[in-house]
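As they're listed, the protein sequences go chains A and B. Each residue of the first sequence is one higher than the last, beginning at 279 in this note's numbering. Each residue of the second sequence is one higher than the last, beginning at 12 in this note's numbering.
Bear in mind the hints are in silico, worked out from the structure with no lab data behind them.
Keeping only pairs whose Cα atoms sit at most 27 angstroms apart, straight-line, the calculated BS3-like set for lysine-lysine is:
no.	chain 1	residue 1	chain 2	residue 2
1	B	48	A	319
2	B	82	A	322
3	A	322	A	293
4	B	120	A	322
5	B	48	A	322
Remember, it's a predicted structure, so these values are computed and weren't measured experimentally.
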Amino acid sequence: EAGVTQFPSHSVIEKGQTVTLRCDPISGHDNLYWYRRVMGKEIKFLLHFVKESKQDESGMPNNRFLAERTGGTYSTLKVQPAELEDSGVYFCASSLGDRIGYTFGSGTRLTVV
Amino acid sequence: GESVGLHLPTLSVQEGDNSIINCAYSNSASDYFIWYKQESGKGPQFIIDIRSNMDKRQGQRVTVLLNKTVKHLSLQIAATQPGDSAVYFCAENPYGGSQGNLIFGKGTKLSVKP
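Hey, can you work out the whole structure from these sequences and the hints?
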């Protein structure tokens with residue numbers, strides 16, 4: 279089966295601009311997660327979708343971040359406006375039902391300059 | 012706050028030796044733990060998991076040990092190979108079950124010398 283796909287793999291934008299990250303989970307996976315890793319720090323949870331609904335968004339840093347999952351398939355994470363501290367690697371993961379363990383995508387490396 | 016941490020940030024071993032990567036957790040309510048391996052340019056890859064009702068679980072060349080008394084988790088890799096070179100993360104789920112968000116440690120970089 280195809281894995282979790284993230285696009286783009288890298289993005290360099292200026293402070294104040296908008297960036298949209300996309301995640302295509304494994305087909306049929308109802309759970310979709312966003313995580314991010316800021317340089318030198320732990321991988322931190324951002325939010326969790328079950329199908330198209332936000333199950334838990336307690337990790338979203340502020341209202342500059344907006345995640346959507348239209349139709350319960352792919353998801354987008356928009357950062358608007360981007361700030362320097364948003365730089366890091368954003369990971370998406372998906373899983374099916376109560377199956378143990380996630381499958382992660384390769385991540386999007388975001389650099390805000 | 013509650014967190015998962017790692018004792019050693021880097022570990023260098025000789026090819027063929029066994030590797031042990033350690034992790035401490037602070038949330039006694041955590042009941043599910045996972046080890047991930049992350050190679051350069053890739054996302055975290057599931058290696059092995061363990062539930063809190065177990066002390067040990069074995070996979071292919073890997074063993075996870077859980078000591079709930081001291082809140083310690085370890086990953087043992089037997090006969091370490093160059094392909095094992097990566098950053099290893101432990102993660103815990105303090106919210107019960109196998110779903111929900113995970114709390115990750117900072118990671119240990121394993122380097123295997125040929």
